[in-house]
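Let's have the full structure, built from the sequences with the hints guiding it.
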Amino acid sequence: MKKEDIPQDLSSLGKITNEVCYVTDPNGNYVTALSKGWEVKITANDTAWKDIEDRVNSAKQKVLNKQASPILFFMEKRLMDLSILSAYTGFWKWQIRQHMKPSIFNKLSNKKLHKYSNAFNVSVDDIINMRTNED
Amino acid sequence: MKINFEHKQAAHCENGVTTSLLKNIGVHQMTEPLAFGIGSGLFFVYIPFLKINKGPAIAFRTMPGAIFKRTCDSLNIPIIRKKFRSKEQASDFLIKCLEQGDPVGVQVGVYYLSYFPKEYRFHFNAHNLIVYGKEKDNFLISDPIMESPTVLSSYELERVRFAQGALAPKGQLYYPEKSIYVSDDQIKQAIIRGIKRNVRDMLRIPGPIAGVSGISFTGKKIKQWLDKRGLHDSGLYLAQLVRMQEEIGTGGGGFRYIYAAFLQEAFGYLSNHGELLEISKLFTQSGDLWRDAAVQAAGIYKGRITTQQDFNVMGDYLLNIAELEKNAFEALSRIKWKP
Numbered sequence: 001m002k003k004e005d006i007p008q009d010l011s012s013l014g015k016i017t018n019e020v021c022y023v024t025d026p027n028g029n030y031v032t033a034l035s036k037g038w039e040v041k042i043t044a045n046d047t048a049w050k051d052i053e054d055r056v057n058s059a060k061q062k063v064l065n066k067q068a069s070p071i072l073f074f075m076e077k078r079l080m081d082l083s084i085l086s087a088y089t090g091f092w093k094w095q096i097r098q099h100m101k102p103s104i105f106n107k108l109s110n111k112k113l114h115k116y117s118n119a120f121n122v123s124v125d126d127i128i129n130m131r132t133n134e135d
Numbered sequence: 001m002k003i004n005f006e007h008k009q010a011a012h013c014e015n016g017v018t019t020s021l022l023k024n025i026g027v028h029q030m031t032e033p034l035a036f037g038i039g040s041g042l043f044f045v046y047i048p049f050l051k052i053n054k055g056p057a058i059a060f061r062t063m064p065g066a067i068f069k070r071t072c073d074s075l076n077i078p079i080i081r082k083k084f085r086s087k088e089q090a091s092d093f094l095i096k097c098l099e100q101g102d103p104v105g106v107q108v109g110v111y112y113l114s115y116f117p118k119e120y121r122f123h124f125n126a127h128n129l130i131v132y133g134k135e136k137d138n139f140l141i142s143d144p145i146m147e148s149p150t151v152l153s154s155y156e157l158e159r160v161r162f163a164q165g166a167l168a169p170k171g172q173l174y175y176p177e178k179s180i181y182v183s184d185d186q187i188k189q190a191i192i193r194g195i196k197r198n199v200r201d202m203l204r205i206p207g208p209i210a211g212v213s214g215i216s217f218t219g220k221k222i223k224q225w226l227d228k229r230g231l232h233d234s235g236l237y238l239a240q241l242v243r244m245q246e247e248i249g250t251g252g253g254g255f256r257y258i259y260a261a262f263l264q265e266a267f268g269y270l271s272n273h274g275e276l277l278e279i280s281k282l283f284t285q286s287g288d289l290w291r292d293a294a295v296q297a298a299g300i301y302k303g304r305i306t307t308q309q310d311f312n313v314m315g316d317y318l319l320n321i322a323e324l325e326k327n328a329f330e331a332l333s334r335i336k337w338k339p
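Residue numbers (this note's numbering), protein chains in the order written: chain A, 1 to 135; chain B, 1 to 339.
Think of the hints as simulated: they come from the structure by calculation, not from any bench.
For every residue, glycine included, the Cβ atom is placed at its ideal position computed from N, Cα and C.
All the given hints hold, so there is nothing to weed out.
With a cut-off of at most 35 Å between alpha-carbon atoms, the simulated DSBU-like pairs for lysine-lysine come out as follows:
# : chain 1 : residue 1 : chain 2 : residue 2
1 : B       : Lys170    : A       : Lys77
2 : A       : Lys60     : B       : Lys170
3 : A       : Lys60     : A       : Lys115
In silico negatives: residues of chain B with every beta carbon more than 10 Å from chain A:
#  : residue
4  : Asn4
5  : Ile25
6  : Gly65
7  : Phe93
8  : Cys97
9  : Gly133
10 : Val199
11 : Pro206
12 : Lys221
13 : Lys223
14 : Arg229
15 : Ser271
16 : Thr306
17 : Val313
See below:
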């Protein structure tokens, strides 16, 4: 890529820091230059986030329909899967699958809920009421 | 407590940490392209059965930690690397290093990395940064992808050092054990070794998924994606490919431009090898082709182009790139080194 071709499409990262790119100068020598972002990357990231939002919304609907507990919702909200959630909480995956059933979730002890509260970075109360304080 | 340390921005985190830590112990020759090339950083692998963030596992660079390790090994620099079971030990050891005046490289997860924009915070655990001091409850952080130094509270740093999931850092830290003099002659030898190892990684790993053959394998798979996965999931897969290729830290074109820059710098040390400059141009071409492929991919995941023909064009980009990089690495492997 030539230095004059470096894209400057403002990304969410570009608002915080420019990125270093390696480009060639008119003599063909490599130099570094800063970029605010590239539209192609921004839409790639947007595509990934759109998919996450779809999954979060579908999880939310399942909780409202009483087909799943809020654990599913927060797992999706926090971009986790069963392995990551298992690593953060210390529960086995099969236990988490159980906790995703509303009937079993409703009987969870406070101690267990606290493990989820730490993993998701929200209060126990917020978990039960499926509340998030950001955005 | 603040160590005299110069923050330097880089394209890629591990290159940047390696460069800054080595410069700090007196290896004044070190630059990001040299660290990347001596560490044989260029790679490609596509692991179809492994999923990352629900997308395919694709990497354009060698495994995390390898660049620092190989670069230090090649220059005979002893290193200290430690993982921890307990958070207290991890924190105590870090503070001890800082008290001794050693800036320290630390592996972290980015999901809870507070100064990153939310849009970039996935469960990715192989980010690297340098801790170079502590003031009250804040650790002083030099993150190579940021333009300026930043801070993390002790709680925030502990949280990212003990992030969970694939490649969990387990508090891992590393640094060169002592200051050492490195001669230009050692750099020459390290460059040659780095190039030979990179030739091996790209041309000689058996099986279809890694190196140059991994690129053509992926190209052929892409042509089947529309049939096999449908438009929606194929779009997600291509978006993942582009993110791995271009997102924070690759310097553009899936690290191919950094490698081209490395070959130019290598010529500066090995000036009777003019072919390095010619081969460098091949990697520039390859980086340009990767970026053209990304534009094609974007057309697909934005829903602008959606036919099998568009997937064929996408796949062909990768087949052409594989051919080009094969030629480039074969040319490197044919060099008769005269140091």
